[in-house]
Each structure stands twice: as structure tokens, then as C-alpha cells.
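Model the placement of chain B on the given structure of chain A, informed by the hints.
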Amino acid sequence: MEILIIEDEHTVAQQLRQTLQQEHYRSTVVATRREAQYKMQQQDFDLILLDWNLPDGDGISMMQEWRRQNIAIPVLVLSANTSVEDRVHALNAGADDYLCKPHSSLELLARIRALLRRDAPVKSSKITLGDVTLDIVGREVTVGGTPCALSTAEFDILTLLFQHQNIVLTRFQLNEHICKDFDRITVSNLIDVHIRNLRKKLDRPELIRTVRGVGYTVKAS
Amino acid sequence: MKWFRRHIRLKLLGIFFLTGFVPFLVILIYSEAYGEKRMRESVVQVQRAQMAQIRSNIRMHLSQLQRDLGFLAEVGVMDDLLIGDLDRRVDLLLHSYIGHLDLNVSMLAIGNDETVAAAPSDIPVGSVYPDMPLLKSAIGGARQFALTGNRLLLYAPVHASYSMERVIGYLVMEYRLSNLSKFMVSDQSIRSALVCGTDGRQIGSRVERIGLAGRSGIRKSGRELVLYETLDDILPGWYLVYQLDKTDAFSFLSQLQRYLVMILLGGLVVIALFSYWISRRIVAPLVALEKSAGHMACSVHDAVEIPVYSEDEIGRLAGSFNFLLKEIRGAFDALETQNRLRTRRLTQMIRLFDRLLRTRTESECIRVAVEEMAKVLPGQKVDFRKEETDTAMPALYVHDFEHDTLRYYGSLVLPEATMHSDAAEFYRSAARMIASRIDQIRAFERLRRDSEAKTSFISYLSHDLRTPLHAIMTQTQYLIGYETLSAAQCEKIGKIENSAAHLLGMINDLLDMAKLEAGKFDTRLETVPVKEAGAIVEEVIALFEPLAQQKSLQFECSDDLPAESIVVDRRLLRQIAANLLSNALKFTDSGAIVCCFGRSGGTVVLSICDTGRGIDPQRLSKVFDLFEQSAAATEGGERGSGLGLTLSREFARLFGAELVLESEGEGRGTCARLFFTTL
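Chains A and B supply the protein sequences, listed in that same order. Positions 1 to 221 (our numbering) are the ones given, in order, by the first sequence. Positions 1 to 679 (our numbering) are the ones given, in order, by the second sequence.
With the rest of the complex left out, here is chain A (with noise of 0.2 Å):
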């Protein structure tokens, strides 16, 4: 899979470049809307992450103009524009998906999936971690074989936890996934008390560990 990506910071696009890399796609940095336009002449891509704001002009403008050429290659706009009228002027001209900066890596490879239509690392929608199986299609969480019941944000922090299994997710980035209706949720122990109650229902404290002033994560056994 290729991934153009269009960004004039350069540490901001090297970042991506490397995660994108870990998740095993293949990406091609660009700074500017001029060397965007060769690159796209040079080769074809599966999936461009455009920032809206460029040196030499707004990369939606030109989506607008690929769009009129019928290049139907999947948009996702990354921007530091917040407000909804943003988002909405970027979806009008033809961006598949907006995310605004800073966001949840997390959050962007969980949306560079969805528009590649690629399954999760996990294939299957059980995942099953020691006695613990999480059923993402049921909604339903089983400890040795007993249904558990969790609330909406206890199962959404379980299931990032059990489909990044060995990676340390941080605070910003569950709170990012279960509050992705708010604006921004500034409890900062809202996630510790998630997790605390979590394993406070699961009875297996062993699974979900705290990595000490950054985040949570899951061993696979």
C-alpha cells in the first residue's frame, strides 16, 4: 500500500512516515503542492494524507482540482483547523476524512484503515488475551468463560487495549477514543478510573498493566 503524504513540517512528516512504517505501509513524503503534482505523475498511490496549509498554496484547492480530474484516490486532510465549518468546507471538496492536529496516532491509523478498507491487525472480532475473550462485533467481554458486563468506555479502552496488544497506549490517546464525541474531556484521571474498574470487573489484574507515568498496555502471553 502506498501512502502520499503531503506535510511541510518536516518532523511532523517524518513522524508519520516512521508510524505509518511500523504498521507496515509503504509512504512517500512531499513538502509542497508542486512536488505533490509531480509525484502524482510519477506514481500512482492508494491513500494521501493532505495537510490543508502548504507553502505554496492550500492543498484543498488542489484536491478540488484532482477531484475535477477524476482522481478518486482516497483524502484523508490532516489540519490544525478545529472549527466544524473547516471540517465541513474540506468533506465538501472531496476529502474522504478530516483529523485534526494533534490527534491519536492511533486514531489516525484506525481511520487510514477504515479508508483502505483493511482489517484491523487482528483479523478475527474475538480476541482472546489469557481467560479474557472480546467479542468487538457482540459487544460482549467473557472471563473464563463468564459474561462480564462493562460500560461503553470500560469495553472501547479494553478493545484498544486488546487490538494493540504489546504497545503502550497513553492517557491522550484512550481519552481521545472514548471521548470522540466531546470536544475535550480534561479529567485527567478519568482513564485510571476506567482501568481501575476494569479490572476491578475482569478480576485479573495482571492484564492491563500501568506503565508508570505514561499509559496502560497488554502483554500477549
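You may find that some hints are simply not true.
What the hints assert, rightly or not - Lysine to any residue pairs mimicking SDA-like chemistry, simulated, CA-CA at most 20 Å apart:
1) B/K515 with A/V84
2) A/K39 with A/S27
3) B/K515 with A/R87
4) B/K515 with A/V88
5) B/K220 with B/F252
6) B/K551 with B/K515
7) B/K495 with A/G213
8) A/K219 with B/F252
9) B/K520 with A/C100
10) B/K515 with B/R649
Unchecked claim - Over the 12 Å line for every Cβ pair with chain B, so calculated as not near, a few chain A residues:
11) E65
12) V132
13) E140
14) C148
15) R204
What the hints contain is simulated information worked out from the structure, not anything from laboratory work. No residue lacks a Cβ here, since even glycine has one placed at the ideal position from N, Cα and C.
Only chain B this time, still in chain A's reference frame:
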């Protein structure tokens, strides 16, 4: 009465009437009511005296006859009666006596044998006197006479000359009562008569036949007044009747009354003439004055001058009024001229103001001002000069916003003469107005620049601050997620991410605040039933519930939701509920957080009340100030941007709601109330 009070003419007439007419009227009424009675009493009194006089005369007359008869009886010749040898001498004597009397009488001598001894009349001598019984009765009764029919029998005993005690006969005079008619009065107004009480025979003038009874009396009969008195002491059964013609008797009274009526009529004429004179001389000028004053009140030009008839007070008053009218007319004319001028100036000023308001640049403003001034002063040179002028031309001073002072901008150059006229103030006002418009244009320009700067600032915040933050966070997430790090390294990077996340929160808040202030915040207003708004709040509560459980706090929600619909922006309502609930959770250590929808003052209100630390009343007024954080918040180490409540209130206002915070003091909990607009 009201009508009477309003007219001076009537008052004066009333006074004249009272003073001139009423006394006559009183006299007239008095004379009519009592005059006749008094007059009658007076007349009756006089007539009674007359009647007494007549009675006395009759009595004297009869007494005289009686005495004459006695004298005759004592004459010596009468002795012949004794012997019956009477000769013609007695006859002659009696005849002679009768001849002396101018009366219709008969005389005769009667002897003791009751026969007529001598009689000069037609009674035969020697015959028995027919009225002897009557005579004897009178003699026996010692009465001096006897009355029979129309005759009065007077008698005198004839004594014998040798023996005076011996009565030898009687000398009798038959006195016709008609003789008494000479005592009666008869003229046009007064008539008197002797009337027999039993058969109504009358002697004297003819009088009204009336019923006579008692000793005396008065009868009124038509125009006549009849008085009567008995004559029993002289003529038993007869009355003296006096008849008066009232018209004549009371002629003085009726004449007096006639005079009075004439005086009254004359008085009326005099009063009419006098009132006419008053009308002409006093009332008419006053009425004219009043009318003219009335017209003057409506319109000075409609009021007419009052004619001056005299030089008295009324005349002088009319003269003063005419002078006043002339003065007021003059003043009004002057005022009207001035008013027209001012109206024209006002119109010119409004037109200038209107055109100035449409200008967008300073040069356009000056051009329009010069054009308008040229219209005000047609045919004269009007210009604008930037340089300072020596003359007193209307100068424009505009506001220097940087130094907060006024600076000279330029002057309108108008003809010299205009600035020395009364209109100078108008041109100076126009200059001030032009300067104000230039101030406005500059202020608008400044505002536009500020707005652009604010938009740039928002754009800067949004892009240029978030982009580096994005770079930091993507790297920290990558390092934490994919790199193999030691625990210490991981912790340090975690701290970097936490700080970045905190910074992001603050930037987001500031951005929202800047957007709100610039009026660039997007809203999506919807009218939703309270039930739906309740579901949004429930969602937030569900998110925070674990935090409450961790702190052993009760979350109490009321299911009793009002039936109305409210105006909300779902996203903003969610954010406000999250801000308020996170605050409640943050500052409540024990007790409960009550969250409910209710009604208050005709609107729907969402109350989020806690039993937490509360807010000091002095701080309560400041909680909505920018960057204001309570001591509890700063002590707790959970430092936010200090914009949470301010943003919440501003968010609420975007959908027409009002956020109010209440607390009875520290340690007594806090209650946040969100008043919605209901539909």
C-alpha cells in the same frame, strides 16, 4: 346657576333688579295684601263716626220736637181740653206750629176720653183716636214715643193749669219717618238709609238689601261696603245703614298700586336701558377682549383688535390688550421667521448627516461635506483646506486614538461674512459633524484592522501553535508505542506527552475564547424536547460516573423532565454539562451531585448542585472572569486554563441560555443553573 356665574352682565342685572325693583315690588305686594284691609278699617271708622253723628242728629231732632211738644202742651189754652170746650185756637196753634216745621207731621190733641179734641189735620174731632192703645202703652211704659208703621207718635201730657199733677189730655204729633230722610246722605260714593230690620222698609237713599242682625255689622257686597247700626234707642227695630262704594273709598289705594305698577314698569325700562348701557360700555368690551384672547390662544393671527370706546379702565384695558396683541404678533412673526430658518438649517444638517453617513473614506467625506456646504451657500465659494487658517473658519478636529487627543484636521473655507452671522454656530456644528464622521471612518478602519488581527491571531493559534504540538505528540506517541525504551525514559516521554496534552487543552480553550470574542464561533441551533437534552446530559453523566464512584459520591438524577422544548446546540450543551460536572466532581469530596431539569420563572432550567467546597460570596461574582480559578482549584494541583466556566457561559449564550452559579459560601456546596430558552 353656573350660567349665571359665568356672565358678568347677568350679575349686574341681578344687582340692579334687587336694588331697584324689589322694594317697589314689596310695597306693591304689601299694599295688595294689607293696604285694603287697613284702608277699610280706616273708612269704617270714619263712617261709623258719621253714623254716630246722624244718630245724634236724629236724637236731637226728635228731642227738639219732644220739647216743642211739651212746650205746646203747657200753653194755657190747652186747659180747654178739660172742659171739652175747645175752639179753633188749639187747631190754629197746632196748625201754626206745623206750619213752622218743615216736616211732614200731623198734630192732634187727645182728651182723657181718648177722643180727638183738636186736630188741624183730616182726623175728625170727637172720634176715638185709633192709635190710643199704642199711645197708652208708651205712656204706661214711660217711653217718650211710640212707633207704628211709618209714623212715630210723639206725645206730651197736658196738665191742668190749676193742678199740675192732673193730666187732662195729650198732645200728640204723628211724625212721618220719611222726615228723617233729610239726615240721610246720598252722593255718588256714600249713601245712607234707615232700614226696618223686620220688613226691610227703607227711608233715605236706596241701599243694598242685606240681612240685618245684632247691634251693628259690616257686609261686603260686590263693589259695595255696607255698614249698619241698630237704632233701638230711638227707633226700635230700625237700623241706620251706610253704604260705601269701595272703588271710591279705596281709590287712593288703587291709585297707589297703579303708580307702583307704573314705577315698576318704568323701572324695568330703566333697568333694560341701563343693562344695554352696561353691555355697551363694560360687558361688550370685556366679551370682545375675552373672544380676542381666546382667538389669540388658538392663533395670534386670528385674534382681532378690540375697539376702544372710552378712556376709562375698560378702555385702557382694551388699549393694553391691543398693544399686547401687537407685541405678541410681532414676536410670533419673528419666531416664525426664525423657526423657518432653523427648520431649513435642520433639514440641511440632516441631509449633510445622511450623506456623510454613506461615505466610506475620508476623502469622500470631505468631498460630500464641501458639496453640501455649497448647497447651503448657493453661488458662494466653499472649499476645504488642510492648512491652518488665520480666520475663524469652522475647523475640524479629529480624534487621535493613539494619544487620546484631538488633532487639527483641516478647515472649511466659507465666505468671511457667513462666520460673522448668527449662522456661524450652524457651520461649526457641521464641521463637528464632519469631524465625527471622519472619527467614525477611522474607528471603523481601526476596528476592521483589529478584527483582521484577531482573525489572524485565531488562525495563528489554530495552526501555528497546534502544528508544533502535533509534532511533539506524534513523536511521543511513536516513541512510547513503537520504540524500546527503559521505564525511566518512557516515564519522561510520558511527562512530555502529558504536558503537551495539557498545553493542547489550554490552546483549545484560548482558541474558543478568541473565536467567541471575534464572533466566529459556529453553532447549530436545534429545538429539542427536554427529554433529548436530558439524554445528552445522561451521556456525560455516564462518562463521569466512575469518577463519582471512585470518590464515593452519589449521582442523583431526576427522571421528571418538563414537557417543553428548548433551544440547544447539542455539541455545546454536551461540553457545558461536561465542564460543570467535571467541576462538581473536582470540588466535591463527599455527599452527592444532583443533576436535574426543572422549571423556574417560566423557563426550563438544568441544575447541577453539589455538596462540595462551595464558593466564597466575594469570589462568586468573579468566577466567570477570564482566567479566574478558585483557591481550591489551584491548591488541588489540578490546574486548568481558568476558562472553563467563562466558556461554558459564553457557549450557553450562543444558544440563548444563561448560566448562573450559586453558592451559600465555602463548605456549603455549589449550584450551577442553566436557564434555557423555551419554545
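According to the definition I'm using, a residue is off the interface if its beta carbon is farther than 12 Å from all beta carbons of the partner; does A/V132 meet that for chain B? A/V132 is indeed farther than 12 Å from all Cβ atoms of chain B, at 20 Å.
Taking the shortest Cβ-to-Cβ distance between A/R204 and chain B, state whether it exceeds 12 Å. 18 Å, holds
Take a quick look at whether B/K515 and A/V88 sit within 20 Å of each other, Cα to Cα. Between B/K515 and A/V88 the Cα gap is close to 18 Å, so the pair holds against 20 Å.
Given the hint that B/K520 pairs with A/C100, test it: the Cα-Cα distance must not exceed 20 Å. 18 Å, holds
Holds or violated: A/K219 with B/F252, Cα cutoff 20 Å? 158 Å, violated
Satisfaction of hint between A/V84 and B/K515, Cα-Cα up to 20 Å: Between B/K515 and A/V84 the Cα gap is close to 13 Å, so the pair holds against 20 Å.
Need the status of pair A/K39, A/S27: alpha-carbon distance at most 20 Å? Within the cut-off at roughly 12 Å; holds.
With 12 Å as the threshold, tell me whether A/C148 passes as away from chain B on beta-carbon distances. The assertion about A/C148 holds, with a minimum of 16 Å to chain B.
Pair hint B/K220 and B/F252, alpha-carbon separation not exceeding 20 Å: Roughly 19 Å between the alpha carbons, so the hint for B/K220 and B/F252 holds.
Take the C-alpha atoms of B/K515 and B/R649, compute the straight-line distance between them, and say whether it is at most 20 Å. 14 Å, holds
Under the criterion that the straight-line Cα-Cα distance not exceed 20 Å, is the pair B/K551, B/K515 satisfied? The given pair, whose Cα atoms are some 36 Å apart, is violated under the 20 Å limit.
Hinted pair B/K515 and A/R87, Cα distance within 20 Å: 16 Å, holds
The earlier numbered hints that this structure contradicts are 6, 8.
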